[in-house]
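**Q** First to last, the sequence lines map onto chains A and B.
Counting in the working numbering, the first sequence runs from 141 upward without gaps.
Counting in the working numbering, the second sequence runs from 3 upward without gaps.
Where hints are given, some of them may not hold.
Claimed, not checked - Okay, derived cross-link-like pairs now, DSBU-like style, lysine-lysine, Cα gap no bigger than 35 Å in a straight line:
hint : chain 1 : residue 1 : chain 2 : residue 2
1    : B       : K164      : A       : K569
2    : B       : K164      : A       : K321
3    : A       : K292      : A       : K569
4    : A       : K647      : A       : K633
5    : B       : K313      : A       : K338
6    : B       : K220      : A       : K338
7    : B       : K164      : A       : K292
8    : A       : K316      : A       : K277
To be verified - Here are some chain B residues the structure puts well away from chain A; computed CB gaps all over 12 Å:
hint : residue
9    : L10
10   : I21
11   : L66
12   : G70
13   : G82
14   : A86
15   : L153
16   : S169
17   : V292
By construction, these hints were calculated from the structure, which means they are not laboratory data.
Since the model is a prediction, treat every value here as computed from it, not as a measurement.
Glycine is no exception: its CB is placed at the ideal position from the N, C-alpha and C atoms.
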Amino acid sequence: MHRRSFLQSAASVAAISASPLFGRRARAQGKNVLRMGFADEVLTLDPIKTVYGPDILIQGIMYSRLLRASADRKQLFPGLAASYEISPDGKTYTFKLADAKFSDGSPITAEDVAFSYTRMRFQKDSAYAGPFTALEKTEAVDPKTVVMHLNKTFTPFIQNVEIWNSGIVSKAAVEKLGDDKFAQTPVSSGPFRLVEWKKGDRVILEKNPNYYRPGLPYLDGIEIIYVPDDNTRVSMLRAGEIDMLLGAPYQLISALAGEGFQATPEPSSIIAEMLINHSAEPFNNVLVRQAVSTGIDRKAISDAVTLGLAQPASSLMAPVLNYFNTDLPVPVRDVDKAKALLAQAGKPNLSFDLLIAAGLAADERTAVLIQSQLADVGVTVNITKVDSTQEWNSLVDGSYQATLNWWYNETPDPDVALRWAIWGAGENKSYYTRYNNDKVNALLEQGAAAPEGDARKAIYFEAQKIAYDEVAQIGLFYPPYRNVYSTKVKDMKLNPGLQFSTIDEVKLEG
Amino acid sequence: MDRFAFVLRRPLQLIPVLIGISLVTFILVQLMPGDPVRVMLGPRASEEAIKIVRARYGLDQPILLQYGYYIINVLRADFGQSLAFRAPVLDVILARLVPTVCLLFYGLILSVTFTVALAVAAARRPGAWIDQTVRLFCVAGLGLPSFWLGLMLIILFSLRLKLFPVSGFGASVTDVLWHLFLPALTIAIAVTPILTRNLRATLVGQSAADYAVAGRSKGLSENYVFFRHVFPNSLLPTISLLGIVVSFLIGGTVVVETVFNVPGMGQLMVRAVLLRDYFIVQGVTLFFAVGVVLTSFVVDIVTVALDPRVKL
Chain A
141 MHRRSFLQSA ASVAAISASP LFGRRARAQG KNVLRMGFAD EVLTLDPIKT VYGPDILIQG
201 IMYSRLLRAS ADRKQLFPGL AASYEISPDG KTYTFKLADA KFSDGSPITA EDVAFSYTRM
261 RFQKDSAYAG PFTALEKTEA VDPKTVVMHL NKTFTPFIQN VEIWNSGIVS KAAVEKLGDD
321 KFAQTPVSSG PFRLVEWKKG DRVILEKNPN YYRPGLPYLD GIEIIYVPDD NTRVSMLRAG
381 EIDMLLGAPY QLISALAGEG FQATPEPSSI IAEMLINHSA EPFNNVLVRQ AVSTGIDRKA
441 ISDAVTLGLA QPASSLMAPV LNYFNTDLPV PVRDVDKAKA LLAQAGKPNL SFDLLIAAGL
501 AADERTAVLI QSQLADVGVT VNITKVDSTQ EWNSLVDGSY QATLNWWYNE TPDPDVALRW
561 AIWGAGENKS YYTRYNNDKV NALLEQGAAA PEGDARKAIY FEAQKIAYDE VAQIGLFYPP
621 YRNVYSTKVK DMKLNPGLQF STIDEVKLEG
Chain B
3 MDRFAFVLRR PLQLIPVLIG ISLVTFILVQ LMPGDPVRVM LGPRASEEAI KIVRARYGLD
63 QPILLQYGYY IINVLRADFG QSLAFRAPVL DVILARLVPT VCLLFYGLIL SVTFTVALAV
123 AAARRPGAWI DQTVRLFCVA GLGLPSFWLG LMLIILFSLR LKLFPVSGFG ASVTDVLWHL
183 FLPALTIAIA VTPILTRNLR ATLVGQSAAD YAVAGRSKGL SENYVFFRHV FPNSLLPTIS
243 LLGIVVSFLI GGTVVVETVF NVPGMGQLMV RAVLLRDYFI VQGVTLFFAV GVVLTSFVVD
303 IVTVALDPRV KL
């Protein structure tokens with residue numbers, strides 16, 4: 141073979157083999173397509189299979205619930221249920237369904253609702269049945285009526301029927317496709333339906349023509365684009381390749397606001413905190429917990445890490461939640477008092493390991509500040525950086541002394557939140573801190589059964605006060621959401637429960 | 003054509019290489035701390051759900067047994083189910099293959115073009131100002147980390163000049179060429195200096211070789227000697243080096259794809275490691291390994307085709 145002809149043929153083979161590989165790229169039809177940049181990737185479209193942030197967000201967009209939340213999650217409006225009634229004993233909920241259809245055009249019936257709830261509550265691999273443990277049975281009485289039977293009076297229940305994993309799925313579709321296929325090619329009941337899911341790249345949604353709210357959604361479609369790199373996500377927003385992004389770095393918020401983007405931090409239900417292991421030395425001693433808590437300057441940490449965008453923490457849940465105990469002050473740093481407490485505990489030379497997940501800049505900064513603040517008290521903090529999943533395993537096993545973590549809450553009701561954080565009788569042992577106070581456990585049960593009002597408020601105030609005095613956890617600050625929107629995006633808001641609850645009313649202009 | 007007999011032999015040698023690679027990746031992946039199921043279900047998932055999913059993927063089985071199943075399945079062209087994406091590994095990887103292959107070829111075409119132009123310009127008059135400028139470029143290019151260079155190119159060409167997009171892949175051929183220009187340029191700036199220095203040195207050396215001197219003494223023009231004799235004789239070392247560089251680049255896509263958000267295999271690899279998606283990590287590693295072996299195979303073929311003296 142002549143060498144020149146060899147090179148020529150090699151080049152043409154390369155050209156030919158490359159060209160037919162480009163498929164036509166699916167797009168949501170129409171101009172009004174909102175492009176969102178997510179730092180993490182959507183992993184499943186089945187609402188009962190996950191408690192993972194990006195999944196929760198997209199599932200909230202794809203599946204309507206019986207009730208619909210306002211943009212700030214404070215109010216509930218009729219959703220797929222046009223009305224509901226609660227029996228006088230608070231144990232029976234009767235929902236009357238509105239006329240609504242799935243994205244495939246089939247009607248949404250009581251059977252579908254009963255199926256969705258039974259599946260979410262009782263299917264063994266349902267990831268987040270916790271908020272619904274009071275639910276014993278869901279039955280379809282007639283095509284428009286669903287009755288739910290609770291095994292006890294449970295006031296927060298009506299708030300919980302808005303949680304994303306109670307989204308209504310089509311019984312026919314799930315049974316026909318099976319769980320795994322359904323999670324890839326679902327039928328939706330929400331404002332948007334799936335066009336194509338390009339794994340590791342983007343999820344393309346389009347307007348659901350059968351959506352139950354007439355005239356909505358305003359958008360023609362949504363593309364959820366996975367952009368793991370913080371800088372790239374911001375560059376894409378600046379270049380107009382996405383219309384909004386979730387999770388801008390704190391240090392870029394004011395710059396982006398200055399460039400004309402909508403970059404006002406939105407209130408979240410997140411609390412950033414230091415979890416401490418009550419089942420092991422040294423935090424099994426209340427005096428040590430109080431000493432460490434007193435030795436930490438929450439305001440300084442919050443200001444340094446979030447550049448003043450977050451409020452320092454007082455209680456163990458976020459202030460956006462109902463019955464947040466406003467009487468508890470943010471603990472004031474007092475080095476002498478902390479030293480005295482340590483002397484009283486008989487631990488003048490305390491040292492402990494603080495586990496942090498590698499690669500989280502905010503956590504690393506927080507850990508270093510805690511380390512230096514506690515050094516003034518005479519406490520040695522050894523910061524151990526591990527992989528985030530290893531941190532989780534240590535947390536779950538209880539093989540840690542202290543670790544930095546955070547959580548958010550779906551509903552404004554404090555029940556789910558406090559059961560997550562300080563309910564020692566729960567599966568997660570007070571967020572794996574092994575804090576277990578019988579009084580607190582009993583209060584949380586009472587609170588769940590009490591009707592809304594001052595009595596319920598008093599119960600939750602007391603539970604928070606006990607946990608505060610005993611230092612169940614060391615809350616640090618309440619970070620806001622750092623979403624940034626281009627000026628074209630109108631009325632977009634992430635509610636504190638991590639849902640775009642009014643996404644059907646969002647518009648793109650200009 | 004018996005000089006090309008190795009073309010038939012070589013694929014057989016691939017088998018033990020792949021078995022070795024699969025064993026090493028499998029063990030490495032198992033050594034990674036962490037729990038894929040907890041990552042994919044989220045921190046607030048119930049213990050029972052986690053246990054069930056773990057059993058479904060066979061992650062509760064002894065490691066040796068898991069490896070046995072894995073090998074048997076791979077032999078049947080079944081690379082397993084991705085834990086994170088809940089889809090067949092092969093489908094997930096194939097969906098990412100095209101962007102990475104395009105990016106590599108694009109980067110290589112740019113690199114080779116730059117290399118030939120710069121090295122020839124520099125080698126025609128060693129020590130002249132062109133040569134010095136090229137040398138300066140080479141030193142600078144070698145010193146720039148890709149992720150930083152990528153960010154700078156984005157700021158200059160995408161945000162300031164608005165000539166190229168920040169991210170993505172594109173739908174048609176021209177669209178892809180436009181989208182991938184900056185990532186390919188990043189690759190080219192990283193690779194060109196290595197190749198240019200090599201080619202320039204060989205060109206300078208060969209220009210003083212006996213056959214070149216003989217050619218000149220017989221009255222051949224300098225251009226004729228250079229392009230007809232010196233240049234072809236200088237290509238082989240650079241082509242061998244190119245093979246090694248491509249092998250590095252296959253791994254280097256991890257950085258470039260992340261910076262430019264190209265939905266390719268490199269980005270998938272990073273993601274899979276973070277998500278502890280064992281089967282994707284193993285699958286991508288196998289693909290990368292095959293890519294590296296194929297590259298050296300292609301280099302061998304090209305070498306044999308270019309130089310009649312070479313026997314393999």
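**Q** Each of the hints needs a verdict: does it hold here or not?
**A** Status of each hint after checking the structure:
At roughly 53 Å between alpha-carbon atoms, K164 (chain B) and K569 (chain A) are farther apart than 35 Å, so this suggested pair is violated. Taking the CA atoms of K164 (chain B) and K321 (chain A), the gap is about 42 Å. The hint is violated against a cut of 35 Å. Only pairs whose Cα atoms come within 35 Å are accepted, and K292 (chain A) paired with K569 (chain A) is accepted, the gap being roughly 22 Å. About 12 Å separates the Cα atoms of K647 (chain A) and K633 (chain A), which keeps this hinted pair within 35 Å; it holds.
As the CA atoms of K313 (chain B) and K338 (chain A) are separated by approximately 46 Å, the hinted pair breaks the 35 Å bound. For the hint linking K220 (chain B) to K338 (chain A), the alpha-carbon distance of about 64 Å lies beyond 35 Å, and the restraint is violated. Restraint check for K164 (chain B) and K292 (chain A): not satisfied, since their Cα atoms lie roughly 62 Å apart, outside the 35 Å limit. For the given pair, K316 (chain A) sits about 23 Å from K277 (chain A) by alpha-carbon distance, which is consistent with the 35 Å threshold.
The claim that L10 (chain B) lies off the interface holds: its Cβ sits roughly 17 Å from the closest Cβ of chain A, which is beyond the 12 Å cut-off. Against the 12 Å criterion, I21 (chain B) stays outside the reach of chain A, whose nearest CB is about 28 Å from its own CB. Separation of L66 (chain B) from chain A is adequate, the least Cβ-Cβ distance of about 22 Å exceeding the 12 Å criterion. No Cβ of chain A comes within 12 Å of the Cβ of G70 (chain B); the nearest lies about 24 Å off, and the non-interface call holds.
Non-interface status of G82 (chain B) relative to chain A is upheld: no Cβ of that chain comes within 12 Å, the nearest being about 14 Å off. With a cut of 12 Å on Cβ distances, A86 (chain B) falls inside the contact zone with chain A, its closest approach being about 5 Å. Some Cβ of chain A comes within 12 Å of the Cβ of L153 (chain B); the nearest lies about 6 Å off, and the non-interface call is violated. Interface exclusion of S169 (chain B) from chain A breaks down, the closest Cβ pair being 5 Å apart, not more than 12 Å.
Residue placement check: V292 (chain B) keeps its beta carbon more than 12 Å from all beta carbons of chain A (closest about 16 Å).
Violated hints, listed in ascending order, are 1, 2, 5, 6, 7, 14, 15 and 16; each of the other numbered hints is respected by the structure.
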